[in-house]
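Could you put together the complete structure from these sequences and hints?
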Amino acid sequence: MRPVLNRGTNLGSVQIVRQLVTTNTPNGNLQLLRSNTATNTDTFLAFSFPVPAVNPVKTNHLYLAYADKGTNDKADIFFVSSTDGGTNWTNPARVNTVWTNDQWMPVLAGKPDGTKLFMAWYDRRSDTNNSLIDVYGRWGTIASNGDVSFYTNDFRITTTSFPPVFVGTDTNNLARGHYDPVYPGQTNLHWHYADWPTNSLMVASPTYVGHVGEYNGAWAEGQHVYMTWTDYRLTAEGTDYPRNQSDIRFVRITWP
Amino acid sequence: MRTTSILVSGALNLLVTWAAVGQSSFWLNNIGPNLNAPVFDPQANLLEGSSYLAELWGGATPDSLTPVLSFYSRQRVFAAFLTGAGAGYFRDTYAGRVGADHPTVLTVPSFGWAWLEVRAWDSRLGATYEAVAASGIGGYGESAMFYAQGTSPDLLTPGATLIGLESFSLRPVVPEPSTVAFLLVALPFLLFHRCCKRE
Chain C
1 MRPVLNRGTN LGSVQIVRQL VTTNTPNGNL QLLRSNTATN TDTFLAFSFP VPAVNPVKTN
61 HLYLAYADKG TNDKADIFFV SSTDGGTNWT NPARVNTVWT NDQWMPVLAG KPDGTKLFMA
121 WYDRRSDTNN SLIDVYGRWG TIASNGDVSF YTNDFRITTT SFPPVFVGTD TNNLARGHYD
181 PVYPGQTNLH WHYADWPTNS LMVASPTYVG HVGEYNGAWA EGQHVYMTWT DYRLTAEGTD
241 YPRNQSDIRF VRITWP
Chain L
1 MRTTSILVSG ALNLLVTWAA VGQSSFWLNN IGPNLNAPVF DPQANLLEGS SYLAELWGGA
61 TPDSLTPVLS FYSRQRVFAA FLTGAGAGYF RDTYAGRVGA DHPTVLTVPS FGWAWLEVRA
121 WDSRLGATYE AVAASGIGGY GESAMFYAQG TSPDLLTPGA TLIGLESFSL RPVVPEPSTV
181 AFLLVALPFL LFHRCCKRE
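For the record, the sequence lines run as chains C and L. The opening residue of the first sequence carries number 1 in the working numbering; numbering runs sequentially from there. The opening residue of the second sequence carries number 1 in the working numbering; numbering runs sequentially from there.
Please note that the accuracy of each hint is not assured.
Some residues of chain C that are not near chain L, with every Cβ distance over 10 Å (derived) [as the list claims (entries may be wrong)]:
| hint | residue |
| --- | --- |
| 1 | V21 |
| 2 | D73 |
| 3 | N88 |
| 4 | R94 |
| 5 | V98 |
| 6 | T100 |
| 7 | T115 |
| 8 | A143 |
| 9 | D170 |
| 10 | N172 |
| 11 | T207 |
| 12 | H211 |
| 13 | G213 |
| 14 | A236 |
Here are the computed distance ranges between Cβ atoms for each label pair [claimed, not checked]:
| hint | chain 1 | residue 1 | chain 2 | residue 2 | range |
| --- | --- | --- | --- | --- | --- |
| 15 | C | R94 | L | G164 | 47 to 57 Å |
| 16 | L | F111 | C | Y215 | 22 to 32 Å |
| 17 | C | T39 | L | S73 | 17 to 27 Å |
| 18 | C | P112 | L | S73 | 38 to 48 Å |
| 19 | C | T198 | L | R76 | 26 to 36 Å |
| 20 | C | T171 | L | G164 | 25 to 35 Å |
| 21 | L | A127 | C | P163 | 38 to 48 Å |
| 22 | L | T83 | C | R94 | 41 to 51 Å |
| 23 | C | H224 | L | F111 | 42 to 52 Å |
| 24 | C | V14 | L | S73 | 21 to 31 Å |
| 25 | C | T71 | L | S73 | 24 to 34 Å |
Calculated directly from the structure, the hints in this document are not laboratory data. Idealized CB from N, CA, C, for every residue including glycine.
This is the structure we're talking about:
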């Protein structure tokens with residue numbers, strides 16, 4: 001983190017908020033598996049990018065959420081806060097109450113009166129095979145001294161679990177009609193794009209094999225929190241084979 | 001307002017760093033749009049199977065070629081030759097790496113031009129191109145040098161196709177003389193030597 005002072009005239013020194021546990025590249029990619037039974041190369045991109053928020057009424061009170069390698073799995077959700085403009089930070093608090101299976105992609109929003117926080121994230125706790133995804137959330141209370149305490153329970157936001165959709169190393173995803181032509185994997189695209197060469201040896205680049213839909217977001221006003229996320233519960237219409245599609249879903253939740 | 005600036009700056013710095021990582025990236029593959037450069041053995045057969053490997057060498061100048069490393073994991077990238085209809089062609093599948101971990105010429109800026117060469121060898125004769133070349137028995141080869149434009153090793157940009165790569169062949173393998181061959185060559189001299197001694 002680096003402070004921007006005097007409307008950008010001066011830059012403060014760079015400060016490390018927290019050293020991540022993951023050492024994966026690039027960018028702390030958590031390399032989440034399709035499922036616990038998938039081969040160890042069948043992974044999708046999930047980063048540890050920090051999600052910041054500020055307290056609108058308490059000067060210099062900052063909040064940060066991020067995903068990092070967990071104790072029992074590849075990803076958990078963590079929260080740190082500062083009451084001095086980022087000079088000092090609390091130790092990380094693990095926000096997901098279930099510590100098994102993967103939790104990642106946090107979002108964070110504060111109540112405009114500065115008294116509450118909302119966090120939500122992708123969570124695979126409901127699937128023993130650690131594949132199907134839900135969105136879970138948790139409320140936090142901000143004390144007058146700035147201490148943040150989270151409610152005892154987190155709660156499920158999605159009504160239906162959905163699978164991660166990416167090419168990976170699942171060979172079925174290279175068959176015509178099975179894959180998303182936006183993120184195709186190493187397959188010939190002639191059937192989909194007429195200008196693509198017909199030679200079956202000419203295939204798309206492997207660049208996108210680990211891509212899934214990103215990112216999620218949360219915003220708040222005095223009465224409600226609003227959240228959007230990428231969701232794969234529905235199958236695509238008009239394709240040769242059933243395959244799940246990416247949709248953006250939205251929910252409005254009343255502050256407790 | 002001040003605190004907002006502080007944190008947004010932190011997040012944006014990370015994203016900008018991510019998007020602006022430099023250096024020029026390629027996809028180690030010899031067939032695609034505007035590219036068809038199969039590789040042959042000395043008898044003009046297409047190289048086939050995972051015993052044959054290809055590697056990209058590159059640099060900012062023609063005399064500075066080194067093995068092109070993957071950008072994030074910084075490892076040498078060897079692509080195996082395909083079989084059947086794919087004989088003669090190699091393709092880096094990024095196995096064990098993320099899809100953007102492209103072979104990248106670190107001494108050339110993003111989307112810059114680099115001097116390149118594809119080198120291929122029979123891995124049964126050695127683990128690397130240099131090892132096989134140093135053995136002096138053949139079984140390796142390299143393309144003509146070419147000058148091509150790369151892309152960026154960010155997560156949204158495919159590595160550049162090796163436009164300008166042309167077909168090439170491996171050098172013939174010259175078998176090392178065996179012990180029996182040495183004996184056959186040396187036998188007349190030994191016999192002659194013994195005869196001379198008796199006389």
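Against the structure, the hints come out as follows:
no. : hint                        : in the structure
1   : V21                         : holds, 17 Å
2   : D73                         : holds, 19 Å
3   : N88                         : holds, 14 Å
4   : R94                         : holds, 21 Å
5   : V98                         : holds, 27 Å
6   : T100                        : holds, 25 Å
7   : T115                        : holds, 17 Å
8   : A143                        : holds, 18 Å
9   : D170                        : holds, 14 Å
10  : N172                        : holds, 16 Å
11  : T207                        : violated, 4 Å
12  : H211                        : violated, 7 Å
13  : G213                        : holds, 14 Å
14  : A236                        : holds, 22 Å
15  : C:R94 - L:G164: 47 to 57 Å  : holds, 52 Å
16  : L:F111 - C:Y215: 22 to 32 Å : holds, 26 Å
17  : C:T39 - L:S73: 17 to 27 Å   : holds, 18 Å
18  : C:P112 - L:S73: 38 to 48 Å  : holds, 45 Å
19  : C:T198 - L:R76: 26 to 36 Å  : holds, 33 Å
20  : C:T171 - L:G164: 25 to 35 Å : holds, 32 Å
21  : L:A127 - C:P163: 38 to 48 Å : holds, 40 Å
22  : L:T83 - C:R94: 41 to 51 Å   : holds, 49 Å
23  : C:H224 - L:F111: 42 to 52 Å : holds, 45 Å
24  : C:V14 - L:S73: 21 to 31 Å   : holds, 26 Å
25  : C:T71 - L:S73: 24 to 34 Å   : holds, 25 Å
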